[in-house]
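Using the sequences provided together with the hints, build the complete structure.
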Amino acid sequence: MKIDRETYRLIDNGKIGSIALTIGLMGLVAGTVGFIIDREQFFHAYLTAFIFWLSLSLGGLFFTMLHHIVGARWSVVLRRISENIMAVMPLMALLAVPLLFGLGDLYHWSHEDIIAGNKLLQGKAAYLNTTFFIIRMVGYFIIWLVLSRLLYQVSLRQDKGHQVSLTRKMRLISAPGIILFAVTFTFASFDWLMSLDAHWYSTIFGVYVFSGSLLGMLALMTIIAVTWRKNHILDKDITVEHYHDLGKLMFAFTIFWGYMAFSQYFLIWYGNIPEETLWFLHRWENSWKIVSLVIVFGHFVIPFFLLFPQVTKRRPGMLLFISLWLLLMHWLDLYWLVLPTLHPHGVHFSWLDPATMLGTGGLFIWYLGRRTAAVPLLPTGDPHLETSKHFINH
Amino acid sequence: MPEDAPLIAGHPTFGDITDQISGITERRTPPVWYLALGAAVSLLMVLVGSVGYLVWEGVGIWGLNNPVGWGWAIINFVWWVGIGHAGTLISAILFLLRQRWRTSINRFAEAMTLFAISCALIFPAIHVGRIWVVYWMFPVPNQMGMWPNFRSPLLWDVFAVSTYFTASLLFWYTGLIPDLATFRDRAVKKIKKYIFGALALGWRGGNRQWRHYELAYLILAGISTPLVLSVHSVVSTDFAVSILPGWHTTIFPPYFVAGAIFSGFAMVVTLTIVARKIFSLENIITVNHLEKMTKVILLTGSMVGYAYGMEFFIAWYSGNIYEQFVFINRAFGQYAWAYWIMIGCNVIVPQLFWFRKLRTSITVMFLASILINIGMWFERFVIVVTSLAQDFLPASWDYYKPTIWDISTFVGSFGLFFTLFLLFIRFLPMISMTEVKAVLPEADPHNYRHGDRHE
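Chain order of the listed sequences is A and B.
Reading the first sequence from the start, the letters are residues 8 to 401 in this note's numbering.
Reading the second sequence from the start, the letters are residues 205 to 659 in this note's numbering.
Calculated from the structure, these hints are not laboratory results.
Just so we're clear, the structure is a prediction, and the values are computed from it rather than from any experiment.
Every residue, glycine too, gets a C-beta built ideally from N, C-alpha and C.
Errors might be hidden in some of the hints.
Cut-off 20 Å, straight-line C-alpha distance, at most; resulting in silico cross-link-like pairs (SDA-like, lysine to any residue) [stated by the list, open to error]:
#1 B:K496 <-> A:V77
#2 A:K131 <-> B:Q528
#3 B:K499 <-> B:P210
#4 B:K496 <-> A:K167
#5 B:K499 <-> A:V40
#6 B:K561 <-> A:K167
#7 A:K131 <-> A:H206
#8 B:K499 <-> A:A189
#9 B:K641 <-> B:L384
#10 B:K496 <-> A:P183
#11 B:K496 <-> A:R178
#12 B:K499 <-> A:I76
#13 B:K499 <-> B:A209
#14 B:K499 <-> A:I186
#15 A:K131 <-> B:F529
#16 B:K496 <-> A:A79
#17 B:K561 <-> A:V77
#18 B:K499 <-> A:H206
#19 B:K397 <-> B:W407
#20 B:K561 <-> B:L571
#21 B:K499 <-> A:R178
#22 B:K396 <-> B:Y377
#23 B:K561 <-> A:I180
#24 A:K126 <-> B:F529
#25 A:K167 <-> A:G388
Short derived list, chain A residues pointing at chain B, Cβ under 7 Å [what the hints assert, rightly or not]:
#26 S209
#27 I211
#28 S270
#29 I280
Far from chain A by the CB rule (all over 10 Å, computed), these chain B residues [unchecked claim]:
#30 P210
#31 A213
#32 G349
#33 F400
#34 A402
#35 A425
#36 L433
#37 A444
#38 V445
#39 I447
#40 I455
Here you go:
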């Protein structure tokens, strides 16, 4: 990888794009095979993989909007990364299409005969029915596509013209945008994840999924920045100070995720009402117990202590390792949300889990690489770019 | 890029700031202060009287009835604790987030926090009936081998709130030290010099002292930050660990925290608007500061609205008829009036702050901040009373009404709050002089804001 120091564009994108595309296509082929052999397993694995990459993209959208709303300056040099991540949204919309063929395999509320014999599901049928589900899904993607596209376009326009007024414009989009985001993200997580077990419910569920998603996005952002740094790209612009702040944010959101996870678990455990505890009980059965414990320690305790000291936050190499770990944990968390509905009596890893992950992930990274290569790596027209480059923690 | 407007208006020097803030306590006491103190102490006497009668007669003087065993006392407790959240948020979290505008309001807000918690602590203490054994709340070793129930969130409250009070007090005091030294140095009377000298702990303002001081401040900010979240989370478990519909819901901890910050900021806005007017602090607490606070109010108000929405949706989605009943009953039942006051004040009113014109209007924000605190009181009322008054057994349903003693105790608690507050602004620096100086352009050796940029 090489960068043109005048325009901040990549001259040579390296081989990542073509490798990712190859892996992605191979994964898709493998997925198709899996779809024919074992539909149920395929769709559960695919849902996990799809939500994983989508959640990162949505995290990018959130981070960009947050950056504009609070008028952050330190993160200007990082903003293009989060913008590129959110710009993968069209691909994610495309990748959502296969799910439409798997509603019957994923969601038992989509079967008329099951609803007919289930009084609880009859009560929810006004919300949990295939037509409304698809309408909502389309609605979410329209909102996410419009928001991410608007913000991306305005930002690229500012690269050329340096207009200060565009900063204000992006803020004006972001403020209502974040409200729309909160609502759509919550209901999307209810629809796609919570309704897998249509009897179970938790008011905090949307915020729980969100906290993990944003943490995953921060980790991805760190990975991209450190990869550039190793190739001497923007290593003078994204400094140790920025890594320090990224580390602090990951630390904060590790705690935030833990807080959400604990609130959900603890209140259900203490209340001990069967209709709520059952969901956790499924995740405590046989080998799921190990996964649950790995999540508690791997998603919270270990990153908490790793990110606590200043020294790890100021070493890009260390942060790279922690970020990769956090992404792995984010995936495991989603796996733990989805797969127990299919295999309630214990973990049952399938080759389709990695295959769908690599398939969707390969395409995600390929698309992200293309976006990144097409635009300057810094928001060159941002009035606070210089402030951000010289930003120092104190 | 246009330069940012300076945080402090009118280009004051360090000396001007010292004179302005110290002057407030050094000048002759204004008559209006005596009037205000007189009113506050009168209200405080109402509190003392009400509590005295309560101790004499017992909790039977309150309006509690059979299904509603928790009434105004817990509502007032949660309300006051909630108000106490803004101070530490401003001083600790905004400090860690490098929000320099906090310096004009943090001292004020921290003091408010301490006084609000003092008011809050009255209610759990007096509601026990036999107040002379209130120390049983603490796990004190005793010959009877009797311990509080460690699985009870009410006990966690004791720990959470007392920890919060202690940490807030230390934080506030640490922040005060350099300013206390300034007061000592400016004191004319010997007695004042001794008192402030003792309080300033030998502060000389040397380089080493500042280095230690700033590190201590950072550490205290780090310690206080989780407390901002933990206290109201624990308070929320008072309700949420039960299985009562309307109380038992997983979003309660973050929802309570958002609500607490919401009402705390509203109270800070109410008080700062009055104080900046009376003491002519418009140059230090500018409209810009107030506008930023209204944005926090808009944000947290919307979070509270989100939580109301989630509760309602999930109550329906759960398919649980008891959950559904409670929420429909809240909105359309015998307490619908309280519910709609809550929605109006907490969800609708903050939406005014989407508009810059309203965010910068002192009148609008003053009225809104008061309405929000009314709304937040009703939020707790709705949670506590509606879930209890119509419980699982229709035969025991009842309508809960407060008595005169409920009202007088609550109103009296304002007496305590304002008495403490008036004493604070009379004798201590109500704005942090050292921190305000740190955000003046003078404090920046590079002097960016005066033209000669180094680039």
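A quick look at each hint next to the structure:
Distance hint between B:K496 and A:V77 is fulfilled; the C-alpha atoms sit about 10 Å from each other, no more than 20 Å. Straight-line distance between C-alpha atoms of A:K131 and B:Q528 comes to about 12 Å, which keeps the hinted pair within the 20 Å bound. Only pairs whose Cα atoms come within 20 Å are accepted, and B:K499 paired with B:P210 is accepted, the gap being roughly 19 Å. Distance hint between B:K496 and A:K167 is unfulfilled; the C-alpha atoms sit about 31 Å from each other, more than 20 Å.
Distance restraint check for B:K499 and A:V40: the Cα-Cα separation of roughly 53 Å exceeds the 20 Å cut-off, and the hinted pair is therefore not satisfied. Restraint check: the Cα-Cα separation between B:K561 and A:K167 comes to about 32 Å, which exceeds 20 Å; the hinted pair is violated. About 9 Å separates the Cα atoms of A:K131 and A:H206, which keeps this hinted pair within 20 Å; it holds. With a CA separation close to 17 Å, the supplied pair B:K499 and A:A189 stays within the 20 Å bound.
With a CA separation close to 15 Å, the supplied pair B:K641 and B:L384 stays within the 20 Å bound. Taking the CA atoms of B:K496 and A:P183, the gap is about 17 Å. The hint holds against a cut of 20 Å. Between B:K496 and A:R178, the direct Cα distance comes to roughly 15 Å. Compliance with the 20 Å bound is thereby established for this hinted pair. Only pairs whose Cα atoms come within 20 Å are accepted, and B:K499 paired with A:I76 is accepted, the gap being roughly 10 Å.
Pair hint B:K499 plus B:A209 holds up; C-alpha atoms about 18 Å apart against a cutoff of 20 Å. With a C-alpha separation of about 14 Å, the suggested pairing of B:K499 with A:I186 holds against the 20 Å cut-off. Distance restraint check for A:K131 and B:F529: the Cα-Cα separation of roughly 16 Å lies within the 20 Å cut-off, and the hinted pair is therefore satisfied. Taking the CA atoms of B:K496 and A:A79, the gap is about 14 Å. The hint holds against a cut of 20 Å.
A C-alpha spacing of about 19 Å is found between B:K561 and A:V77, which places the hinted pair at or below 20 Å, so the restraint holds. Using a Cα cut-off of 20 Å, the hinted pair B:K499 and A:H206 is violated, with the two alpha carbons roughly 38 Å apart. This hinted pair checks out: B:K397 and B:W407 have alpha carbons roughly 13 Å apart, not beyond 20 Å. With a CA separation close to 15 Å, the supplied pair B:K561 and B:L571 stays within the 20 Å bound.
About 13 Å separates the Cα atoms of B:K499 and A:R178, which keeps this hinted pair within 20 Å; it holds. Of the pairs offered as hints, the one joining B:K396 and B:Y377 holds, with about 18 Å between alpha carbons and a cut-off of 20 Å not exceeded. Proximity of B:K561 to A:I180 is assessed by CA-CA distance (about 19 Å); at most 20 Å being required, the pair is judged to hold. For the given pair, A:K126 sits about 17 Å from B:F529 by alpha-carbon distance, which is consistent with the 20 Å threshold.
As the CA atoms of A:K167 and A:G388 are separated by approximately 6 Å, the hinted pair is consistent with the 20 Å bound. The closest approach between the C-beta of A:S209 and any C-beta of chain B is roughly 5 Å, which is under the 7 Å cut-off, so the hint is satisfied. Against a cut-off of 7 Å between C-beta atoms, the interface hint on A:I211 holds, since the closest Cβ of chain B lies about 4 Å away. For A:S270, the interface hint holds, since its Cβ comes within 7 Å of a Cβ in chain B; the closest pair sits about 4 Å apart.
For A:I280, the interface hint holds, the least distance from its beta-carbon to any beta-carbon of chain B being 6 Å, beneath 7 Å. Distance check on B:P210: its Cβ is at least 16 Å (rounded) from any Cβ of chain A, clearing the 10 Å threshold; non-interface status holds. With a least CB separation of 20 Å from chain A, B:A213 remains clear of the 10 Å interface cut-off, as annotated. At roughly 26 Å, the least C-beta separation between B:G349 and chain A is larger than 10 Å, which holds for a residue marked as non-interface.
No beta-carbon of chain A is positioned within 10 Å of the beta-carbon of B:F400; the least distance is around 30 Å. Every beta carbon of chain A lies more than 10 Å from that of B:A402, the smallest distance being close to 32 Å; the non-interface claim holds. Even its closest Cβ contact with chain A, about 13 Å, leaves B:A425 beyond 10 Å, as expected for a residue assigned away from the interface. With a closest Cβ-Cβ approach of about 7 Å to chain A, B:L433 is found to fall inside the 10 Å limit, against its non-interface label.
Against the 10 Å criterion, B:A444 falls within the reach of chain A, whose nearest CB is about 5 Å from its own CB. With a minimum CB-CB distance of about 4 Å to chain A, B:V445 fails to clear the 10 Å threshold, and the non-interface call is violated. Separation of B:I447 from chain A is inadequate, the least Cβ-Cβ distance of about 5 Å not exceeding the 10 Å criterion. Non-interface call for B:I455 relative to chain A: violated, since the shortest CB-CB distance, roughly 4 Å, does not exceed 10 Å.
Of the numbered hints given earlier, the model fails hints 4, 5, 6, 18, 36, 37, 38, 39 and 40; all others are met.
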